[in-house]
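Participant: Line order of the protein sequences matches chains R and X.
Residues in the first sequence are numbered from 159 upward in steps of one, following our numbering.
Residues in the second sequence are numbered from 159 upward in steps of one, following our numbering.
If a hint is listed, it holds; no wrong ones were tucked in.
If chains are identical, the list can't say which one is meant, so a pair holds when it fits in one copy or spans any two.
Below, a list of computed lysine to aspartate or glutamate pairs in the DMTMM-like style, where the Cα atoms sit at most 20 Å apart:
{"hint": "1", "residue 1": "K233", "residue 2": "E261"}
{"hint": "2", "residue 1": "K243", "residue 2": "E267"}
{"hint": "3", "residue 1": "K233", "residue 2": "E267"}
{"hint": "4", "residue 1": "K243", "residue 2": "E189"}
{"hint": "5", "residue 1": "K243", "residue 2": "E254"}
{"hint": "6", "residue 1": "K243", "residue 2": "D192"}
Bear in mind the hints are in silico, worked out from the structure with no lab data behind them.
Predicted, not measured: the structure shown is a model, and the values here were computed from it.
2 protein chains.
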Amino acid sequence: MTSPFANLPAPPYYVVSFSSIRTAGDNGYGEMADLMEALAGEQPGYLGGETVRGPDGFGITNSYWRDEDSIRAWKQHADHVIAQKTGRSDWYERYEVRIARVERAYGFERR
Amino acid sequence: MTSPFANLPAPPYYVVSFSSIRTAGDNGYGEMADLMEALAGEQPGYLGGETVRGPDGFGITNSYWRDEDSIRAWKQHADHVIAQKTGRSDWYERYEVRIARVERAYGFERR
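Based on the provided sequences and hints, a complete structural model is requested.
Facilitator: Written as structure tokens, this is what we have:
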């Protein structure tokens, strides 16, 4: 199994935190989500991502980026623009996006 | 049902993003997590939080704070310090914490 943790450099870098509630049914979401994850991974400045969705349909995806320019470029990527539109028409009841500059980071791992 | 979304003011504010994998078994985690959530909600500068854990044990909790001082004060709160220690001894296989300054935010809600 691959780790669910992003392997990140030392700060500073940026995080785009995407909190969402899905609509009922798949409606092509799963396929597009996989596609967008792969495509995001190819973008300049992408550092990694972490994602989880609970049994109640609420999910958080934190994606990590080198700078604001790379976040902006990904938001305007043609395929991603289509996905964003379909997100609003079909896939999400609600979402909230917060763009933040990571200033400190630390962690713990059991031996 | 209460909303899983935090009700936040306009940026700037701060986010503490806590990604984690739990150990097997509860070991008192559920009770302490409820307690810490309630206690965090009483702290000066606490703005709200969003949390989700998936079926594989990986979870993300984003808690939102007015400024770095309030984050620091909560990290040093006596009861929270005990919870953090027990987290490392009993509850978590691994966790990663990123502290970030939220600069922009936007959202979507279906009518």
